[in-house]
Amino acid sequence: MNFDFSDEQKMLREQVSRALTEAAPLTEARTALTGGFEYSERAWNAIAEAGILGAGIPEEYGGLGLGRLEWCVTSEEIGRTLAPVPYLSTIVLAEALLAFGSAAQKNMWLPRIAGGQIIGTWADAEGPRELRADNLQVEFKSGRLTGKKLPVLDGNIAGLAVVLARTDDGPALVLVDLEKGVSRRALKTLDKSRPQAELHFDGAPAELLGKAGEGWTAYTQLMNRASVLLAFEQVGAADRALEMARDYALERHAFGRPIGSYQGIKHKLANIYMANEIARVHALWGAWATSTDASDLPLAAASARVSANRAFTLAAQENIQTHGGIGFTWESDCQLFYRRARLYAGLLGPELDWKERIVTSIELSNAA
Amino acid sequence: MNFDFSDEQKMLREQVSRALTEAAPLTEARTALTGGFEYSERAWNAIAEAGILGAGIPEEYGGLGLGRLEWCVTSEEIGRTLAPVPYLSTIVLAEALLAFGSAAQKNMWLPRIAGGQIIGTWADAEGPRELRADNLQVEFKSGRLTGKKLPVLDGNIAGLAVVLARTDDGPALVLVDLEKGVSRRALKTLDKSRPQAELHFDGAPAELLGKAGEGWTAYTQLMNRASVLLAFEQVGAADRALEMARDYALERHAFGRPIGSYQGIKHKLANIYMANEIARVHALWGAWATSTDASDLPLAAASARVSANRAFTLAAQENIQTHGGIGFTWESDCQLFYRRARLYAGLLGPELDWKERIVTSIELSNAA
Amino acid sequence: MDFSDTPEEAEFRASVRKWLEANAQRARGTSGRFTGTGTDDIGAAKAWQASKYEAGYAAITVPEVYGGRGGTPIQALIYRQEESAFAVPTGVYEIGLGMCVPTVMMQGSDAHRDRFLVPAYRGDEIWCQLFSEPAGGSDIAALRTRAVRDGDDWVINGQKVWTSGAHFADFGILLARTDPTVAKHKGLTMFIVDMKAPGVDVRPIEQMSGGAEFNEVFFADVRIPDSDRLGAEGDGWNVALGTLMMERMSAGQGFGFFGATEVLELARKTEIGGRPASSDARVRERVADWWINEQGLKLLSYRAQTALSKGELPGPEQSVNKAIEAPQAQEIAYFARQLRGQAGSMDGEEIDEDWVHVDRSWLWAPGMRLGGGTDEVLRNIIAERVLGLPGDVRVDKGVPFNQLTS
Amino acid sequence: MDFSDTPEEAEFRASVRKWLEANAQRARGTSGRFTGTGTDDIGAAKAWQASKYEAGYAAITVPEVYGGRGGTPIQALIYRQEESAFAVPTGVYEIGLGMCVPTVMMQGSDAHRDRFLVPAYRGDEIWCQLFSEPAGGSDIAALRTRAVRDGDDWVINGQKVWTSGAHFADFGILLARTDPTVAKHKGLTMFIVDMKAPGVDVRPIEQMSGGAEFNEVFFADVRIPDSDRLGAEGDGWNVALGTLMMERMSAGQGFGFFGATEVLELARKTEIGGRPASSDARVRERVADWWINEQGLKLLSYRAQTALSKGELPGPEQSVNKAIEAPQAQEIAYFARQLRGQAGSMDGEEIDEDWVHVDRSWLWAPGMRLGGGTDEVLRNIIAERVLGLPGDVRVDKGVPFNQLTS
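Chains as they are written, first to last, in the working numbering: chain B, 1 to 368; chain Y, 1001 to 1368; chain S, 2001 to 2406; chain F, 3001 to 3406.
Calculated directly from the structure, the hints in this document are not laboratory data.
Please note: incorrect hints may appear among the correct ones.
[To be verified] With a cut-off of at most 30 Å between alpha-carbon atoms, the simulated DSS-like pairs for lysine-lysine come out as follows: (1) Y/Lys1148 / F/Lys3269; (2) F/Lys3269 / Y/Lys1188; (3) Y/Lys1010 / S/Lys2269; (4) B/Lys148 / S/Lys2269; (5) Y/Lys1192 / Y/Lys1141; (6) B/Lys10 / F/Lys3269; (7) F/Lys3269 / Y/Lys1192.
Here chain B stands alone, though its shape is the one from the complex (with noise of 0.2 Å):
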């Protein structure tokens, strides 16, 4: 039994901490909420320069060969200082590739995204409808990608996308450069300091990564890999907010006395200590299962998923409640979580539909 980061991935995170923390202290977060950049180059080059981008890609791609765990190490460093970079759909995408890419797809991207020198992203929703394999809207046909997505997390800053879309033969995952053929809109959204943005293909050139048909399924599995970096990052962001709460209420004091001495403040943190701890543990169990390929990882992933809406969820919004009428003022850094939280409770979709594929993971597996 080790259920446990290794030393080495221990140290790797401890790196990644410094780095960001210098790299991205909150402001870098505030700064890209109030429009001052899109994402913080000066973060993203510190994690690039790392070799993070490249952990968990082979050596023959350019990449460390680590592995899966050295990517959610430092996606949950990244939590931890709202760092305003396009870690997570830069990851997915190289996912993708991983998974579903041909050999030739493979060469081509996998090394420049180990580099740093492109920016990726994917893309699955059409708006507010909801989102089946039966109804999708974009559409691959001769090599060529039709309609709107949005929004994207990064796509107005993404240089390549793997993009959900239908096709004759049932659905696909396809690869775009979107450098060419497609036109963006950035998005009024809730949490500006990550964007998001509208994609309009009209008619840009873009090839299957995979096989049509088999798209839905492959959808799926990326979207399970992308659950577990997510839960390390809203882990790490719920630690800071805690971290954040409990510290104002060792400060702040309300007659005569810390307000971090009365139990309705220590048993709101007390519970938020509780929905992290059960969290964290969901997404080291997803990181071990996206590691080894477990047949798990489903499983692990819809509950790494669910435990971590929950915990940065209450955890932002009681930071909040716990600083009092300073939390809820624009200057404060409250906002930043209670605004990421909300974004990255909505990236992946409904959280019904992942506590209903929890029930259906474990019928299957009473049933094997």
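Chain B is fixed; fit chains Y, S and F onto it per the hints.
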């Protein structure tokens, strides 16, 4: 706007309260729980002597012709004392006769109910199977009733029952004299302070109450009235449990001060208070609806049901929690409330069904 | 029991409604009254208040001798109920007429009443309430703003915060410390302050929701004549409690959050598993749970109204109201978000009006869980005032203010 | 990361499992270990403990010189994991071997170790823990049982409560007040007490769940030689804290409540709207929510196990475990009830084994929310020890015990 009981009704409540406080201290419920008797004749007589049983029965049938609000205020006091009396069951039967009985049936039975000469009940459930219009097993045919009903509240002490049964024309309510052709078996239950039985009808003589085929609608209407009465019992009991917890929190000291001075306990009890208040006004709304035959009755009855379940369940379990170890002992009165809360939450069928009725009613009223 | 008005109440309601129909537009849509006071058109608000004054609806319960109608609390409630269905700008007067001006009426001199009441009711002058301070939070009596006697004047130095509408207010009621050598509740005094006086500096606070309805107010050597003191020197805490009690009289106002039935309506337009989300059992159960609370709060307001119409003081309904509604609004907005899938992170303006309303609920709910008593303070109030449980242990009890450590 | 054993651990696990298969029956069904200690067959328990002792599994982490195996904490955990799948009676030894005997080993004299350890491990003598008192509750140090020095003896008078297994215990560790003139934590001393000594009176406490696993224990002029003192006079509180710390070493034990997957299984056999309840979205969402917590606690225990196998002390997993599992068990039992409609008020014995398990969960959950630290105390522990928040205000701090008002 007069959303409250009248002064006369409040005086009646005072009177009932005094009578039951004397006739049914909690020791009566405990005596019933430990098998001392099946119901408290002392408390039952006090209610009968106050004329309550006939309050909602017209004078032509031997009642006082006052209305249903008087029945409701009495329910609340019965709840407060956990008086082990067959009140709910008897009034539900009276309601069935009032709504669906022929003149002959009313003349035959209502005066005896008003006079306290007969205990009544209703029998709907058929064990742990889901109760639906399309799967009733107890059958009424050619004036005879066949099959088993369980659990039946007060089934072992009642003299008359309204029974939900299937007929060739669809579900029906039928009236059965329990002294004839019925065998009974006392059930093991979790709240022995209120007895439940299995009734076995082996061709027992019975007669229709209302029309065959309209029985399910009639049954639903009857359960709406039952829900309002029961909600008052639950609100009364929840109030009493809250008072117990409050009193103990004032008296019990830990670390040199009353446990009621810790926010952990204060906020807990404030939450119970709020749940009780929400339940109380829903019950009151239900009382208005049942006494005016308002079209809102299905909605008011359902929200009274769900909010009262929520309040009494919370109050009963957190009363134990507030008492600490002593609350978990057999000798503590906490368990009387905990057991009663479970009985009452189950009596009128699954809470999920009642919640669904709320939404259906809202949709109907929006469509209207 | 009877949900209808008495004949007198019905008559009053009819006349109010008739007047409103003739003078205002009915509100449309689901959006609530979150706009607060920051972005309102002050001119429109003043015009509306003036016409209310002319019609006798600006100060319904105030004796005629002070410029009011001499009516009953239930008439005031009926007016509020009717007015709430119309799109009229009342926000800027809520705190002034609800809390400050009644304090002036009760605690002020005849000269104060002559000078201030009618201009306030007519809407010519707007009032704000200056109690909260940065260091205080829920502990209002810990305030540090000093008032030092200098001849016939008091000289004010210090800072207030969360002052609603200070940026357009003409006057304020100000709670300041006149004696730091006694226990913190004992050394306070209440004043009327001219918000245009030299040394008053108002700075808007930008909220996380984007607007700026609240302010910081700085006082630098602001002079207030002793004649503008409200109540006795050192009696400011009792005067302030009286001001805060006024809130209890305005029972049963919803906050305009996106609610249970609106979720149900919204769910008809979105899908789960290819079917309308409104048919999904999980959505429906939540709607039922939330609706029970919303309807319960409405019924509690009817009960408060019943008490008012009998001349009794309402119970703690207002505390219960906010303690339940604000956290529930946050929960509802969170859940509604997922009804639009990944588009849940987009701004409602990218979609439609309903979603704008959801977003506004989501952004304002955290503020409503804090302002006017936090979730925690409200539960303390219920525990102490209703259930009779002891107050929290007060380590600062009886300690002179200037010997408190923080 | 790796969920499997090291080769050494795997080898140990295999030998344990082989021995268990040869000497015990595998457990069947879903019912948990609520039966506690009240109704067990003491003879069977003693026989099982004796065979464990012979096989070297009774005291795995105890040095060989004291009669143990000299093994590692991870071996002890592996043994517990494996044993939990078998139907063996271990309840009566849990507190004694888990908390009391280790205290004797650490605090006792050589003579104590020679006299008590082996008979305890072999199961010949059963131990109980005598800390809690009626007036104390969560405030254990407020205890009133007095120990007065008389020559070479101490004379004990007072009452203990919630003593598990006192009715069959041979010895106990007793925390008593030896000096009431100092602050309450300072005047306590720990003793070994012979439960068969004159003046010891054990009376079972009947629980609301029906059984009587706990006791009141009365002491009337019970004499204990000073040589049976554990630790220094006045140092009893520190000794007791050491005893209570032992609980943290036994991470990740479930309580055997009716759980999420059992609800799902049950729901397959009941109907909602004419379809299996297991297909109802509301049932399924709850199962997911509960399962996440259950699986999370299991994963936390893996993390604790990882720490143990690295020779580190586990974190606050035990506090988290009970704080989450006990209230959830109550919620699950409440919900499961409605899956059988009105029959939900019937005793499970009228239906089947699953329902008996639901009932047992429902009756025991309130007790589990209290024993071993209430919901509230556990949250305090997490807030203080993990998050570093201040303790509750202590009005009794430093006050001599005999001057406390209550």
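Starting from Y/Lys1010, check that the Cα of S/Lys2269 is at most 30 Å away, please. 48 Å, violated
CA of Y/Lys1148 to CA of F/Lys3269, is that 30 Å or under? 20 Å, holds
Run the distance test for B/Lys148 versus S/Lys2269: straight-line Cα separation, threshold 30 Å. Holds, because 20 Å separates the two Cα atoms, which is no more than 30 Å.
When you check the alpha-carbon spacing of B/Lys10 and F/Lys3269, does it fall within 30 Å? 48 Å, violated
Between F/Lys3269 and Y/Lys1188, is the straight-line Cα distance small enough, at 30 Å or below? 22 Å, holds
Would the pair Y/Lys1192 and Y/Lys1141 pass a check requiring their Cα atoms to be no farther apart than 30 Å? Since the Cα atoms of Y/Lys1192 and Y/Lys1141 sit roughly 34 Å apart, the hinted pair is violated (cutoff 30 Å).
Holds or violated: are the alpha carbons of F/Lys3269 and Y/Lys1192 at most 30 Å from each other? This hinted pair holds, its Cα atoms lying about 27 Å apart.
In terms of the numbered hints stated before, the structure departs from hints 3, 5 and 6, listed from lowest to highest.
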